[in-house]
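4 protein chains.
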Amino acid sequence: MNKAILIVQCPDQQGIVAAVSDFLYQNGGNILEVDQYVDQEAKRFFMRASWDLDSFSLKKEEISNRFSQEVAKEFEMDFTLHFNQPKTRMAIFVSKQSHCLFDILSRHHSGQLEVEIPLVISNHDHLRDVVEAFNIPFHHIPVSRETKAHAESEQLRLLEEANVDFVVLARYMQIVSPDFISHFPDRIINIHHSFLPAFVGAKPYHAAFERGVKIIGATAHYVTEELDAGPIIEQEVARVRHHNNVADLVQIGQDVEKVVLSRAIKSHLDRKVTVFKNRTIIFY
Amino acid sequence: MNKAILIVQCPDQQGIVAAVSDFLYQNGGNILEVDQYVDQEAKRFFMRASWDLDSFSLKKEEISNRFSQEVAKEFEMDFTLHFNQPKTRMAIFVSKQSHCLFDILSRHHSGQLEVEIPLVISNHDHLRDVVEAFNIPFHHIPVSRETKAHAESEQLRLLEEANVDFVVLARYMQIVSPDFISHFPDRIINIHHSFLPAFVGAKPYHAAFERGVKIIGATAHYVTEELDAGPIIEQEVARVRHHNNVADLVQIGQDVEKVVLSRAIKSHLDRKVTVFKNRTIIFY
Amino acid sequence: MNKAILIVQCPDQQGIVAAVSDFLYQNGGNILEVDQYVDQEAKRFFMRASWDLDSFSLKKEEISNRFSQEVAKEFEMDFTLHFNQPKTRMAIFVSKQSHCLFDILSRHHSGQLEVEIPLVISNHDHLRDVVEAFNIPFHHIPVSRETKAHAESEQLRLLEEANVDFVVLARYMQIVSPDFISHFPDRIINIHHSFLPAFVGAKPYHAAFERGVKIIGATAHYVTEELDAGPIIEQEVARVRHHNNVADLVQIGQDVEKVVLSRAIKSHLDRKVTVFKNRTIIFY
Amino acid sequence: MNKAILIVQCPDQQGIVAAVSDFLYQNGGNILEVDQYVDQEAKRFFMRASWDLDSFSLKKEEISNRFSQEVAKEFEMDFTLHFNQPKTRMAIFVSKQSHCLFDILSRHHSGQLEVEIPLVISNHDHLRDVVEAFNIPFHHIPVSRETKAHAESEQLRLLEEANVDFVVLARYMQIVSPDFISHFPDRIINIHHSFLPAFVGAKPYHAAFERGVKIIGATAHYVTEELDAGPIIEQEVARVRHHNNVADLVQIGQDVEKVVLSRAIKSHLDRKVTVFKNRTIIFY
Numbered sequence: 001m002n003k004a005i006l007i008v009q010c011p012d013q014q015g016i017v018a019a020v021s022d023f024l025y026q027n028g029g030n031i032l033e034v035d036q037y038v039d040q041e042a043k044r045f046f047m048r049a050s051w052d053l054d055s056f057s058l059k060k061e062e063i064s065n066r067f068s069q070e071v072a073k074e075f076e077m078d079f080t081l082h083f084n085q086p087k088t089r090m091a092i093f094v095s096k097q098s099h100c101l102f103d104i105l106s107r108h109h110s111g112q113l114e115v116e117i118p119l120v121i122s123n124h125d126h127l128r129d130v131v132e133a134f135n136i137p138f139h140h141i142p143v144s145r146e147t148k149a150h151a152e153s154e155q156l157r158l159l160e161e162a163n164v165d166f167v168v169l170a171r172y173m174q175i176v177s178p179d180f181i182s183h184f185p186d187r188i189i190n191i192h193h194s195f196l197p198a199f200v201g202a203k204p205y206h207a208a209f210e211r212g213v214k215i216i217g218a219t220a221h222y223v224t225e226e227l228d229a230g231p232i233i234e235q236e237v238a239r240v241r242h243h244n245n246v247a248d249l250v251q252i253g254q255d256v257e258k259v260v261l262s263r264a265i266k267s268h269l270d271r272k273v274t275v276f277k278n279r280t281i282i283f284y
Numbered sequence: 001m002n003k004a005i006l007i008v009q010c011p012d013q014q015g016i017v018a019a020v021s022d023f024l025y026q027n028g029g030n031i032l033e034v035d036q037y038v039d040q041e042a043k044r045f046f047m048r049a050s051w052d053l054d055s056f057s058l059k060k061e062e063i064s065n066r067f068s069q070e071v072a073k074e075f076e077m078d079f080t081l082h083f084n085q086p087k088t089r090m091a092i093f094v095s096k097q098s099h100c101l102f103d104i105l106s107r108h109h110s111g112q113l114e115v116e117i118p119l120v121i122s123n124h125d126h127l128r129d130v131v132e133a134f135n136i137p138f139h140h141i142p143v144s145r146e147t148k149a150h151a152e153s154e155q156l157r158l159l160e161e162a163n164v165d166f167v168v169l170a171r172y173m174q175i176v177s178p179d180f181i182s183h184f185p186d187r188i189i190n191i192h193h194s195f196l197p198a199f200v201g202a203k204p205y206h207a208a209f210e211r212g213v214k215i216i217g218a219t220a221h222y223v224t225e226e227l228d229a230g231p232i233i234e235q236e237v238a239r240v241r242h243h244n245n246v247a248d249l250v251q252i253g254q255d256v257e258k259v260v261l262s263r264a265i266k267s268h269l270d271r272k273v274t275v276f277k278n279r280t281i282i283f284y
Numbered sequence: 001m002n003k004a005i006l007i008v009q010c011p012d013q014q015g016i017v018a019a020v021s022d023f024l025y026q027n028g029g030n031i032l033e034v035d036q037y038v039d040q041e042a043k044r045f046f047m048r049a050s051w052d053l054d055s056f057s058l059k060k061e062e063i064s065n066r067f068s069q070e071v072a073k074e075f076e077m078d079f080t081l082h083f084n085q086p087k088t089r090m091a092i093f094v095s096k097q098s099h100c101l102f103d104i105l106s107r108h109h110s111g112q113l114e115v116e117i118p119l120v121i122s123n124h125d126h127l128r129d130v131v132e133a134f135n136i137p138f139h140h141i142p143v144s145r146e147t148k149a150h151a152e153s154e155q156l157r158l159l160e161e162a163n164v165d166f167v168v169l170a171r172y173m174q175i176v177s178p179d180f181i182s183h184f185p186d187r188i189i190n191i192h193h194s195f196l197p198a199f200v201g202a203k204p205y206h207a208a209f210e211r212g213v214k215i216i217g218a219t220a221h222y223v224t225e226e227l228d229a230g231p232i233i234e235q236e237v238a239r240v241r242h243h244n245n246v247a248d249l250v251q252i253g254q255d256v257e258k259v260v261l262s263r264a265i266k267s268h269l270d271r272k273v274t275v276f277k278n279r280t281i282i283f284y
Numbered sequence: 001m002n003k004a005i006l007i008v009q010c011p012d013q014q015g016i017v018a019a020v021s022d023f024l025y026q027n028g029g030n031i032l033e034v035d036q037y038v039d040q041e042a043k044r045f046f047m048r049a050s051w052d053l054d055s056f057s058l059k060k061e062e063i064s065n066r067f068s069q070e071v072a073k074e075f076e077m078d079f080t081l082h083f084n085q086p087k088t089r090m091a092i093f094v095s096k097q098s099h100c101l102f103d104i105l106s107r108h109h110s111g112q113l114e115v116e117i118p119l120v121i122s123n124h125d126h127l128r129d130v131v132e133a134f135n136i137p138f139h140h141i142p143v144s145r146e147t148k149a150h151a152e153s154e155q156l157r158l159l160e161e162a163n164v165d166f167v168v169l170a171r172y173m174q175i176v177s178p179d180f181i182s183h184f185p186d187r188i189i190n191i192h193h194s195f196l197p198a199f200v201g202a203k204p205y206h207a208a209f210e211r212g213v214k215i216i217g218a219t220a221h222y223v224t225e226e227l228d229a230g231p232i233i234e235q236e237v238a239r240v241r242h243h244n245n246v247a248d249l250v251q252i253g254q255d256v257e258k259v260v261l262s263r264a265i266k267s268h269l270d271r272k273v274t275v276f277k278n279r280t281i282i283f284y
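Protein chains in written order, with the numbering used here: chain X, 1 to 284; chain V, 1 to 284; chain Y, 1 to 284; chain R, 1 to 284.
Read the hints as simulated data drawn from the structure, not as lab findings.
All residues carry an ideal CB built from backbone N, CA and C; glycine is no exception.
Accuracy of the hints is not assured; some may be wrong.
A short, non-exhaustive set of chain R residues, derived as facing chain V with CB atoms under 8 angstroms [what the hints assert, rightly or not]:
(1) 37
(2) 40
(3) 181
(4) 198
(5) 232
(6) 241
(7) 244
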């Protein structure tokens, strides 16, 4: 199905749902989904609506302009408009660990993720074989303290060439620079292997073991300049026991990491995520 | 806050969201929540909207009529209209087990449940003391095979006298008759101590133990004529191990039962549940 | 059943299980449960064994001495010996919130918790009625900055009079002093309303909301001098969404708090918890 | 580490733990894990113990005989003895769906599963490329009603040639014959895509949708002659909502299936599963 998705946020007031739904109705739009949320404290309104483009009387190219004129201006809306065709293009960054990468590739292979994966970039060459077995180009760009700036410019060049929409750090294990982030605001998804805000930074499973927690977790979030502090998209947990050592936590955690990251990618692809004040609204 | 809640279902077509939201907007309604769902297979549309009554230009008494004339007829809608004031009135039926009853009374006591509880009815006298400690009238109506019809008519008389809106069977352990059910269609909530449709009927924990399941559950559902087959409102589960005997399952299960039942009551009270084809739609 | 429970820890070496189980066997002990754990890094051995006292040839009074002579000395064991009769005596401290208290009283009432509750102590008088409805003495001891030392000495006096074995802080909302703690080492259980170590200290639900987490939690731990840093006994979590405000988190969290606290109490009562290096071993 | 694992079951009586642990101690065995369970109703004792072989004074070949003579006979024990070296050999049967297969191969690739996978057998040729990319032989053996007996004999020949210890049906979608099962008693693991005993047989996600359940699940079990009725090894669940159609349930369920199956394989490989009266004991 040819689908349009509209994400809106604006100061809360009466008549917003009516105005948006009337705009869609007047142009023949068959609403597929609508979800709205009001942040009562901030007095801010958020809405996501999707509709079938086939019966819609406006051309794709003119929707944004018309909506802006006829609805958005009056309500001082920030809005973004998305289409499910052509498919979104996603780059994957990995290091040596394969569990998140394989999980994504496996879902892509089975048709579960509606996305193009034009390339995988890694600072190590370890996972080349499997990536290429899935017929996806693999780029090995080593990163050291000295070469980091140069490596990032090479990465950015590849991402631009491949016309990439967003980036997934699938246990990439490198901190990306503010400059890099600025090219993909709210469009770099990282998986952190702890239940944030617990255990920010390196070696969270060691820290979890030391603290003696009974449940570990993983967190998918958009990358911002502050480490592990960006808007949280998804979290999940798993129960552990005293007899689980650090190596056990790593293994149990991997199952959590991969499912959390895949859910976050899915929500992002379905345009169900919007950000306000470093928090995410996840539409249904 | 003085709130109105509208639940709608009708054949799916374009313009429904626009029509409903426009009706609310034209009458000064500040939409608080709106959630909609389309059953694509049945081509049926469902919607729940709530709005602030204080700024609404229609009187409570005229809303139903006006909505019927101006919107519902055109779209062949079935709809119900609810208000959060005055509070809904709930009767609780119990037998000897106290865990679900105490959980409900405790939530009511702390203000978590916006409901009046004018009475508790039981076929045993065991729980009178605690119920009365919470200042709620307790009625002991013994039930035997011979007296069942008479007991039910006595129950119905009490429910009518107390102007009860809906009934919660909090581990009542008695099968209620089709006649009794017909007085409260989709308004009797039962908690069944299994993960339905597994282990229908009596002694589900024994059956779960025999089958060697690794997870047990509980199910809150509306009561219909067929035993344990009514529309499911909520389910939850808990993990068990081989070393848990039937008595352990009973105890672990009680924690699940009470939380499931309380969530179902909350959803029902918030008018977030509607039924179609023996399945529930649970709005957000 | 008349049951003895032995908890042992010592440097790891060969023959410990054999020595303990042989001691029990030679004295006619029918082993009911045995669970052991070796901390491979610390080279430390932990074991819990329980057996039926009725067929045991040693008197309760002499077991400890005989075990010490015949087994513990050789293996440099720290051990504790417990009996399920007479019942352990537990004091509950509360403030104004009732959800954890009611949950404990309800389990006690239904026979789920094998414990005596000789008293409830509170810094407010709010919950007197319900506590007394369960026939448990309620002591109101107001606490202010100025009267805190005096209040604690009064609390300690009551606990001593009542011959209390351990204390449960069921959302007591007051920080207890190091002196108070020293009277009950690893015998004061607190429920903290966050997923520790995230959100230590006051107002964790506010902090969780601000951070935009997708899952909240609660943690039961033994109280030590450092705030919210004692050995964790149990944790549990619940999923939340962007549309849940702080008040919602409080309500969702209460269901988690009460189940976590009750599980921790159960584990403590069953003598299934032992502490090593600020972490708990939870035996099966 | 060179490890031996002993699984024992016998009528319950005093002295079993002492006898087994003494046997190990006398022969220099450093016990790594010991877990025991008594089925109080059946008066049956179960135990799993593992120990380090390097310091053990008996040769691998003589342990079974010596244990039988010195311990097992007296207590009428059924026992099995396992070693972690050489690695267990596992065959995977698949059909067209890849999610469980990829998950297993990915865990194997990352070293998480200590197992040899000498072959994958499928009734379709769809997944050959990926299997071979992981350097595992792939055998396509078509199965129709007419050719089934012949196909099974071909499968059995391959399994024997490859010296396979156990078989995993990773969404194989074919019913295997009693004769086939008899070659691998309690050594064929199947993943069923429902929360058994709910929704036995074909199309469980359709049935779950029809019934309107709020939670779906998956079950890993040993295959026995009666369909989907064998001893359950592991179960897990996932929450669904009314707006999830059958295709959604399939997708959500796949994440559950793969994690359940992998956990069951891990438990089986670690020799932590034993069967009694169609129920499993899962040791720690």
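Outcome of the hint check:
Interface hint at residue 37 of chain R: satisfied, since its Cβ lies 5 angstroms from the closest Cβ of chain V, which is below the 8 angstroms cut-off. The interface hint given for residue 40 of chain R holds, since its Cβ lies 7 angstroms from the closest Cβ of chain V, which is under the 8 angstroms cut-off. At its closest, the beta carbon of residue 181 of chain R sits 18 angstroms from a beta carbon of chain V; the interface hint therefore is violated under the 8 angstroms criterion. Of the supplied interface hints, the one on residue 198 of chain R holds, with its beta-carbon coming within about 4 angstroms of a beta-carbon of chain V, less than 8 angstroms.
For residue 232 of chain R, the interface hint holds, the least distance from its beta-carbon to any beta-carbon of chain V being 5 angstroms, beneath 8 angstroms. Of the supplied interface hints, the one on residue 241 of chain R holds, with its beta-carbon coming within about 7 angstroms of a beta-carbon of chain V, less than 8 angstroms. The closest approach between the C-beta of residue 244 of chain R and any C-beta of chain V is roughly 11 angstroms, which is over the 8 angstroms cut-off, so the hint fails.
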